[in-house]
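Novice: Chain by chain, the residues run as shown.
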Amino acid sequence: MTGEQCSLFESGHRACGGCAAALAARTILDAAGRDTIVVSATGCMEVFSTPYPETAWNVPWIHSLFENNSAVASGISAALKKQGRKEKVIAIGGDGASFDIGMLCLSGAFERGHDFVYICYDNEAYMNTGIQRSGATPYDASTTTSPAGKCSTGNPRPKKDLPAILAAHGAPYVATATVAYLPDLKKKIRKALDTEGPCYVQVHAPCCTGWGFESEKTIAIARLAVETGLFVSYEMENGQVTRVKKVVRKPVEEYLKEQRRFRHLFRPQRNDAEIAKIQAIADRNAEKFAIDIVLKK
Amino acid sequence: MALGLGCSSRPGTSRANRTGSWRTFRPVFLHDKCTKCGLCVSVCPEGCVVADSEGIPEPDYDYCKGCGLCAEECPAGAIEMQKEEK
Ligand SMILES: Cc1ncc(C[n+]2csc(CCOP(=O)(O)OP(=O)(O)O)c2C)c(N)n1
Ligand code: SF4
Ligand code: SF4
Ligand code: SF4
Ligand SMILES: [Mg+2]
Chain C
596 MTGEQCSLFE SGHRACGGCA AALAARTILD AAGRDTIVVS ATGCMEVFST PYPETAWNVP
656 WIHSLFENNS AVASGISAAL KKQGRKEKVI AIGGDGASFD IGMLCLSGAF ERGHDFVYIC
716 YDNEAYMNTG IQRSGATPYD ASTTTSPAGK CSTGNPRPKK DLPAILAAHG APYVATATVA
776 YLPDLKKKIR KALDTEGPCY VQVHAPCCTG WGFESEKTIA IARLAVETGL FVSYEMENGQ
836 VTRVKKVVRK PVEEYLKEQR RFRHLFRPQR NDAEIAKIQA IADRNAEKFA IDIVLKK
Chain L
75 MALGLGCSSR PGTSRANRTG SWRTFRPVFL HDKCTKCGLC VSVCPEGCVV ADSEGIPEPD
135 YDYCKGCGLC AEECPAGAIE MQKEEK
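Protein chains in written order, with the working numbering: chain C, 596 to 892; chain L, 75 to 160.
Keep in mind that the hints were calculated from the coordinates and are not lab data.
Treat the hints with care, since some could be wrong.
What the hints assert, rightly or not - Partial pick of chain C residues on the chain L-facing surface, computed with a CB cut under 8 Å: (1) G612; (2) G613; (3) T645; (4) L777.
We treat Cβ as the ideally placed atom computed from N, Cα and C, and that holds for glycine.
Work out the full structure: start from the sequences and follow the hints.
Specialist: The following block contains the structure:
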């Protein structure tokens with residue numbers, strides 16, 4: 596049954612206050628319902644939900660490793676199919692788990708076409724081990740392995756386009772979503788679960804601890820990512836973009852200046868050249884996905 | 075043959091961990107301002123805000139970490155964060 600309040604992901608977990616990954620976990624289970632088997636990679640969500648012998652999960656849940664998350668999900672999905680069972684299989688991983696370490700098995704599972712949903716909660720770095728950069732870290736974000744300083748303006752590489760990579764595997768449904776719009780997130784999880792074959796949902800999940808903002812701002816920051824065009828919320832069906840959230844765009848600095856990881860772009864003095872490069876990333880997103888709402892004069 | 079590897083936990087046992095002790099600020103719900111929109115119930119990362127049969131929300135202070143998200147997002151300004159007295 597769906598719509599059960601809070602009960603499938605219990606209170607008492609050890610996520611930081613205001614953690615978007617925790618909010619995502621309970622929202623995902625709310626959408627998926629009881630007949631779901633969850634496979635988790637290593638990372639914050641696994642660690643904060645399940646400090647042995649306790650667990651916050653009220654559905655069958657398994658943690659194995661980083662590398663084999665999608666392989667475990669593949670095996671469960673194949674076994675359920677053989678037994679004629681109808682439970683849904685969800686594999687969840689952070690961005691490090693999904694974009695980098697588990698990529699091989701993720702690609703394999705999508706290529707083989709298993710019926711499961713892979714969800715990446717994207718907090719844009721390896722948070723559980725102390726904010727190291729990943730393939731999902733945005734350009735210029737300061738992390739412990741891409742520290743901003745005299746010789747660097749932070750992470751030198753753009754974010755990897757994992758949704759496009761998985762769509763290129765022939766995935767029937769690929770979507771991006773965010774904790775800023777929870778009903779939309781639920782709808783996308785439901786759609787992914789109801790679509791046969793390997794589906795992917797990437798959930799933008801701001802991390803107050805790693806990004807450097809106050810815990811009450813998690814949703815406001817997530818909303819600004821969408822409103823500036825730095826995060827685009829969309830759906831792809833059979834490789835085609837079919838739905839996009841349109842916005843009246845704000846300048847990127849409204850998003851950047853709220854976060855410690857971008858502080859070096861404003862202090863000790865404003866770095867207009869770098870801010871312009873980030874604005875160009877948002878402008879390219881806006882053009883590629885046609886997100887701009889043009890207001891009539 | 076069963077392989078006895080790994081370890082298992084009973085579902086939902088995290089409830090043993092009362093995260094309310096983490097709080098430095100306490101959300102106080104002002105029912106006279108509340109429009110019963112339900113937003114605070116859905117945004118709480120702890121899942122510890124529950125609406126009663128009339129739709130009036132109340133947090134479970136045994137688990138509320140005092141993150142302030144509910145107060146920040148409440149469209150009616152019906153949640154006030156107050157310094158915790160211990
Ligand atoms: C193979 C392997 N490498 C490294 C680690 C250490 N490790 C544990 S959690 C973690 C961070 C995971 O990052 P991500 O997947 O983005 O999840 P997050 O913690 O950010 O939610 C790392 C590197 C590990 N457990 N196993
Ligand atoms: S470090 Fe970030 S992702 Fe990890 S529990 Fe804290 S807020 Fe959540
Ligand atoms: S968000 Fe505010 S107005 Fe809405 S139900 Fe909660 S307290 Fe009431
Ligand atoms: S302060 Fe945070 S943890 Fe407490 S009820 Fe509000 S959203 Fe939930
Ligand atoms: Mg991460």
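Novice: For this structure, which hints from the list above don't hold up?
Specialist: none
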